[in-house]
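*Asks:* Input sequences plus hints: build the corresponding full structure.
Quick note, the sequences are listed as chains G and P, same order.
Position 9, counted from 1, in the first sequence is what this note's numbering calls 9; the numbers after and before it change by one each time, with no gaps.
Position 64, counted from 1, in the second sequence is what this note's numbering calls 64; the numbers after and before it change by one each time, with no gaps.
Simulated restraints on C-beta separations: (1) 125(P) to 11(G): 31 to 37 angstroms; (2) 58(P) to 8(G): 28 to 34 angstroms; (3) 118(P) to 53(G): 30 to 36 angstroms.
Example chain P residues on the side facing chain G (calculated, C-beta under 10 angstroms, incomplete): (4) 4; (5) 7; (6) 8; (7) 9; (8) 15; (9) 26; (10) 27; (11) 32; (12) 36; (13) 116.
Think of the hints as simulated: they come from the structure by calculation, not from any bench.
Ideal Cβ placement from N, Cα and C applies to all residues, glycine included.
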Amino acid sequence: MPTELHRNDVGRMIADGAQLLDVLPTDEYEAEHLTGALSIPLKTLDAATTAGLDRDRPVIVYCWDTQ
Amino acid sequence: MSPRAAWRLESLGFTRVFDYVAGEADWLAFGLPTEGTNAHVPRAGQVARPDAPACHLTDRLGDVRDRTRAAGWDSCVVINERGIVLGRIRGDALDGNAEQLADAVMRPGPVTVRPSEPLDGLVRRMRERSTADIVVSTSNGMLVGVLRRADAERRLAEETKA
Chain G
1 MPTELHRNDV GRMIADGAQL LDVLPTDEYE AEHLTGALSI PLKTLDAATT
51 AGLDRDRPVI VYCWDTQ
Chain P
1 MSPRAAWRLE SLGFTRVFDY VAGEADWLAF GLPTEGTNAH VPRAGQVARP
51 DAPACHLTDR LGDVRDRTRA AGWDSCVVIN ERGIVLGRIR GDALDGNAEQ
101 LADAVMRPGP VTVRPSEPLD GLVRRMRERS TADIVVSTSN GMLVGVLRRA
151 DAERRLAEET KA
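*Replies:* See the structure below:
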């Protein structure tokens, strides 16, 4: 079950090696994203597009907000 | 969207999945670093004054007035114990009976903007409506500060020069 994170935990986990994943559409990612985030839009999230992620490291996903 | 993405990753076999539910809007609200073509865009949260006066529903108006004026302001945001914006006291209301409570004189539900709001469009709208300042709050209603249009105009002028 995915664990919900607070902003402060995001920064700490990134410093500890977590991968940050932006799942917004590509144009929104290109406009602005959290520093260091990778882009895999939700609509394209599958085994092929996630093959480059390291399964041994935590993955933090985010979009625009809670909606 | 991110909860679905997190569950999708788990279905793909990822076992250490975390969801930053508040997302990019929350990140921008606190001025944390971003990249991209719009990363340089100045936003409301960067200019809002976090030290703008705030009071609680049960504060005496006389005390609120004294604190507000001493801080150089002519308005005060009314918040609850969690920092959620409930109302605003300004103008003549601030000069009312000192023994009244903030609850009795505040105007509830003030207009607010998100900290991630780009300054250029916001300032344009504020000029059109002759608005001198506006409350900035997070998407869940927590007070971030008050943005003065003069501060925002100054920031935009600096961006133009740079």
